[in-house]
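Going down the list, the protein sequences come from chains A and B.
Counting in the numbering used here, the first sequence runs from 329 upward without gaps.
Counting in the numbering used here, the second sequence runs from 27 upward without gaps.
By construction, these hints were calculated from the structure, which means they are not laboratory data.
Be a bit skeptical, because a hint or two may be false.
[What the hints assert, rightly or not] Below 30 Å or equal to it, Euclidean Cα-Cα: the simulated BS3-like pairs (lysine-lysine) are:
1) Lys438/A / Lys149/B
2) Lys85/B / Lys438/A
3) Lys467/A / Lys438/A
4) Lys29/B / Lys352/A
Values in this document were obtained by computation on a predicted structure and should not be read as measured data.
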Amino acid sequence: MTAVPALAVEDLSVEFRTRSGTVKVLDHVGFSVDKGETVALVGESGSGKSVTAFAVMGILDPAGRVTSGRALFGGADLLALSEHDLAEQRGRELSMIFQNPRTALNPIRKVGQQIADVLVRHGGATRPDAPRAAVEMLKRVRIPDPERRVEAYPFELSGGMCQRIMIAIALACRPALLIADEPTTGLDVTTQAVIMDLIGELAHESGMATIFITHDLALAAEYCDRIVVMHAGHIVEAAPARELFAHPRHPYSAKLLAATPGETVSLAELASIPGGLPDLRRPDLPACRYSDRCERRLDDCARPLPHRVIGERHTVSCWNPL
Amino acid sequence: MLKLLLSRLATAVPSIVGVVVVTFMLTRLLPGDPAAYFAGLAASPQAIAEIRTKLGLDKSLPEQFVAYLVDLAQGNLGNSLSTGQPVVTEIATRLPASAELTLLALILAVGIAIPLGVLAAVKQGTWIDHLCRIATTAGVSLPVFFTGLLFAYVFYYLLQWAPAPSGRLDVFLSPPTPITGFYLIDSALTGNMEVFWGALRQLALPAISMAIFSLAPLARMTRGSMLSVLGSDFIRTARASGLAPGTVVFTYAFRNAVLPVITVLGMVFSFLLGANVLVETVFAWPGIGLYAVNALITSDYAPVQGFVLTMAVLYIALNLAIDLLYGLVDPRVRLDS
Chain A
329 MTAVPALAVE DLSVEFRTRS GTVKVLDHVG FSVDKGETVA LVGESGSGKS VTAFAVMGIL
389 DPAGRVTSGR ALFGGADLLA LSEHDLAEQR GRELSMIFQN PRTALNPIRK VGQQIADVLV
449 RHGGATRPDA PRAAVEMLKR VRIPDPERRV EAYPFELSGG MCQRIMIAIA LACRPALLIA
509 DEPTTGLDVT TQAVIMDLIG ELAHESGMAT IFITHDLALA AEYCDRIVVM HAGHIVEAAP
569 ARELFAHPRH PYSAKLLAAT PGETVSLAEL ASIPGGLPDL RRPDLPACRY SDRCERRLDD
629 CARPLPHRVI GERHTVSCWN PL
Chain B
27 MLKLLLSRLA TAVPSIVGVV VVTFMLTRLL PGDPAAYFAG LAASPQAIAE IRTKLGLDKS
87 LPEQFVAYLV DLAQGNLGNS LSTGQPVVTE IATRLPASAE LTLLALILAV GIAIPLGVLA
147 AVKQGTWIDH LCRIATTAGV SLPVFFTGLL FAYVFYYLLQ WAPAPSGRLD VFLSPPTPIT
207 GFYLIDSALT GNMEVFWGAL RQLALPAISM AIFSLAPLAR MTRGSMLSVL GSDFIRTARA
267 SGLAPGTVVF TYAFRNAVLP VITVLGMVFS FLLGANVLVE TVFAWPGIGL YAVNALITSD
327 YAPVQGFVLT MAVLYIALNL AIDLLYGLVD PRVRLDS
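Given only the sequences and the hints, what does the whole structure look like? Please build it.
Pasting the structure below:
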């Protein structure tokens, strides 16, 4: 089976200008997501997962700047599109779900209207039809009593309900790609599973490609086909989920796995990863940004990062993989 | 919404009671003896005592208070000692003058400040942002009487574009038939365009000087509030949904940002209404501020009492209106009631 990539990110670099210098947040990042596939972007806070998503969506903070790369989506380079053309795509062809659903929704607009706004904007419904279409969307995300709930404001709904509304907004126009940025952060564990199942089912139904951003490797392994591990703005390893879990090759992936609670690992056995992310403002950043924390460091590690293909769809950027 | 209205109305009652008591006490505690002032410099102690009896000032305070309440219930605020006119009539003719000036100034200020603040926030760091900063700094640092005097000097004395600062209407024009008491509205309603333009010409300079002053807090608050809302998560959601920039800025950002602006608007309005004495003096405006100051100087307590009472009721009504406006904009406020 030759899969068609829904999104192919190539060589993406992003810099942020701050008062204390330029931060090289993303450094030549590349990965792809096939149609119908779910890919997880995994890494600790500050590794550049969300920035990757924001860059692809074209909603980077004004201080952020894409310095190189392409994001091929439906035959066009999203990074080269004008703001106007990109806005046409956003919400219709590619959508995004954010963490903290309560703050991600407009607090003083009825949730039905917020769904209707997206539908009307992208021609999914006309203004008079929009309320009915919004009720339909609420049914799709399985909100009980949708006729009454369209009239609700976000503060009248629970966090899980709000995330369903977010999903309804994101999927209203049946996009080809969904980016879910830590969609279950701030939700309780049972709700987390329900939301993840819902996203998975809806994606499966419509053959939608999904990028799932998380720091929770266990959650990623459970719901995703492939896992892309990020560290300090680099992609260190990309592999099918099962393979990564069984045989992590990059030292960082291995450490991340060891820090993930699971059925066989008790809390006492969990290992924390020594050190922290390097200061990305440093002018003399090492080629491998993990090398300062790495136990398997060699002299070779000062050379430019390799991009080794070590299995089917399994790549690792390390001179001394496990 | 009706529940909100009723509950807020109920909370206004104690404030009004308090105001009635305080105005009564305050005017009795003012220095100066109205009877002596009224009787004149050459009056004998006997004559002063007679006048005091006539005014009811010889009675005990509780008795005076009851008499005051009885009068108040009948809509009687007493007579002015210096003009002999009923205070109610005088306030009724002077309040519209102040209100027309204040409202026009406020409409001008809002009309400039809000678009300026919104644009400054949306195009942060551009020339329009700098313009906003200059305007707000200038607005707060130039006192109203100074801009008023400067305008009168430049536009009336030097350029002769503006009419003489001599009140609401040129002496050669007669006021329009009173309907609302607002010359602009009354003349427009009766189709008297000559009076309309005349009144507008008189209003322009004082209204602009007051607008410049009230523009500053409004623009600054609009800009700050817009900036914080534009940086919030739901704006990112709106942008990620591809909503048109206009929808993002107005339907999503501005409606959320407007709440603190409404609060400032209320403060600016009450401030303007009470503190435009200086502008009224500069432009010989027959408003309520000037009236109150004159009454205060002559220890004429009935008008002072009437003025404070009117102002207090206006403030309470204003706060009520702002509470209701809040409820209209923000559904969370409706729930609290």
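* Taking each numbered hint in turn, which are not upheld by the structure, reported in ascending numerical order? -> As far as the earlier hints go, 2 and 4 are violated by this structure, in ascending order.
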